[in-house]
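Given these sequences and hints, build the entire structure.
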Amino acid sequence: MFSKGTKPSEIHKQIAETYGEGAMSRSRVYQWCIWFGEGRTSLGDEPKSGRPKTSTNENRTRVDELIRCDRRMKIREIALKLEIPKSAVHEIVHDTLGYRKVSARWVPKMLMEDHKLQRVEISQRLLQRCQQDNGDDDTTHIGVGPGGDFQANNNLFDNLITGDETWVHLNTPETKRDSMTWKHPSFPVTKKFKVQRSAAKVMATVFWGAKGVILLDILPQGQCINAARYCSTLDRLKEAIRRKRPGLLRRGVVLQHDNATPHSANLTQQWLQRYGWEILPHSAHNPDLAPSDFHLFGPLKRHLGGMAFETEDDLISELRNWFDNLDVDFFRVGINSLLSRWQKCINLHEDYVEK
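So in the numbering used here, the last one in the sequence shown is 531, and the numbering has no gaps at all.
In case anyone wonders, no lab produced these hints; they're calculated from the structure. Only a predicted model underlies this, so the values are computations on that prediction, with no experimental measurement involved. No residue lacks a Cβ here, since even glycine has one placed at the ideal position from N, Cα and C. Hints are supplied without guarantee of correctness; some may be wrong.
Unchecked claim - Simulated DEER-style distance windows between Cβ atoms:
#1 P475 <-> F369: 18 to 26 angstroms
#2 F363 <-> L443: 56 to 64 angstroms
#3 K277 <-> T194: 53 to 61 angstroms
#4 N331 <-> R276: 43 to 51 angstroms
#5 A376 <-> L293: 38 to 46 angstroms
#6 R418 <-> G481: 34 to 42 angstroms
#7 K387 <-> R236: 57 to 65 angstroms
#8 E241 <-> N435: 41 to 49 angstroms
#9 R236 <-> K477: 40 to 48 angstroms
#10 N435 <-> T357: 37 to 45 angstroms
#11 F363 <-> K183: 54 to 62 angstroms
#12 D500 <-> R276: 39 to 47 angstroms
To be verified - In silico lysine to any residue, SDA-like type, Cα no more than 20 angstroms apart, as pairs:
#13 K414 <-> V389
#14 K520 <-> D469
#15 K180 <-> W211
#16 K377 <-> P475
Below is the structure:
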């Protein structure tokens with residue numbers, strides 16, 4: 177129609193009558209008429225040059241060098257420095273080079289060389305003792321449970337009592353992770369207000385073994401844990417063992433606790449020697465090898481998250497109910513996992529053990 181000299185307005189009118197109002201807009205018809213007037217004859221798309229390819233070997237090398245020099249450099253900073261688009265940098269970093277940004281893993285303490293060597297030596301000694309109790313010279317014959325954990329059928333774990341102290345607050349805020357919920361696109365965004373832990377708190381000392389909690393001891397307000405107080409707690413533990421684990425005192429208690437000052441004081445050592453209790457070796461700064469720290473206290477704090485108690489008695493009652501309702505397998509897994517953690521400590525060459 178343009179070659180016949182038809183006006184653009186008439187062309188648009190005829191197209192609309194034939195194909196409908198939405199077939200082509202008036203401005204588009206006028207644009208095509210301009211192109212035809214400039215000599216265009218093709219109705220197909222013109223070849224496009226596209227943007228220059230930025231994920232070249234040279235750019236990959238430059239990006240890799242920048243990241244290796246500064247592992248905290250941001251995508252925006254790399255793009256500005258190399259003068260290439262951020263989308264191209266993102267593709268190079270994630271898809272081509274395979275980098276991903278992660279946070280550093282927090283560890284309890286920077287271990288000195290003597291601490292590292294002590295960790296490995298103690299783990300080796302304890303593993304050897306388990307092998308001897310099983311009458312086996314090979315760790316591969318200790319046994320693996322259904323969940324993949326090592327299992328020990330020996331006197332060490334049958335007689336082992338582990339214990340530690342922890343602060344418990346009357347108001348423990350729920351963690352961000354525990355407050356996560358499923359959200360549909362149509363649901364409104366939920367808000368979570370920042371809440372501080374209450375200043376009111378109690379010190380709980382928990383002693384437990386493969387069959388459950390033996391003693392939950394609460395430190396009275398105004399007192400502190402010193403050697404005399406800890407010995408008094410051990411007296412109550414001995415009576416609790418007599419009631420709940422008959423025969424253990426006769427076989428011999430194996431106690432695992434950390435190297436806190438009340439635990440290692442002369443008065444405490446004299447008490448332990450007087451009753452013939454054996455202390456399981458445990459080097460300093462090793463919460464990853466203490467069952468209370470890596471298995472018990474974490475679930476306890478998560479359970480208390482979001483709860484608020486009016487009085488200490490209400491909090492203590494909740495603690496007792498939680499411990500009483502735990503299945504015996506929970507405690508058995510926590511004690512048996514010591515074997516796998518000792519082995520991992522040796523395999524990791526002195527580094528802290530993760531789950």
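Here is how each hint holds up against the structure:
1. P475 <-> F369: 18 to 26 angstroms: With a Cβ separation near 25 angstroms, P475 and F369 satisfy 18 to 26 angstroms, so the hint holds.
2. F363 <-> L443: 56 to 64 angstroms: 60 angstroms, holds
3. K277 <-> T194: 53 to 61 angstroms: 57 angstroms, holds
4. N331 <-> R276: 43 to 51 angstroms: The hint (43 to 51 angstroms, Cβ to Cβ) holds, given that N331 and R276 are roughly 47 angstroms apart.
5. A376 <-> L293: 38 to 46 angstroms: 42 angstroms, holds
6. R418 <-> G481: 34 to 42 angstroms: 35 angstroms, holds
7. K387 <-> R236: 57 to 65 angstroms: 59 angstroms, holds
8. E241 <-> N435: 41 to 49 angstroms: Holds, at about 46 angstroms.
9. R236 <-> K477: 40 to 48 angstroms: Since the Cβ atoms of R236 and K477 sit about 46 angstroms apart, the hinted range of 40 to 48 angstroms holds.
10. N435 <-> T357: 37 to 45 angstroms: 42 angstroms, holds
11. F363 <-> K183: 54 to 62 angstroms: 56 angstroms, holds
12. D500 <-> R276: 39 to 47 angstroms: 44 angstroms, holds
13. K414 <-> V389: The given pair, whose Cα atoms are some 13 angstroms apart, holds under the 20 angstroms limit.
14. K520 <-> D469: It holds: about 17 angstroms lies between the C-alpha atoms, which stays within 20 angstroms.
15. K180 <-> W211: 15 angstroms, holds
16. K377 <-> P475: 18 angstroms, holds
This entry satisfies every hint, going by the numbered hints stated previously.
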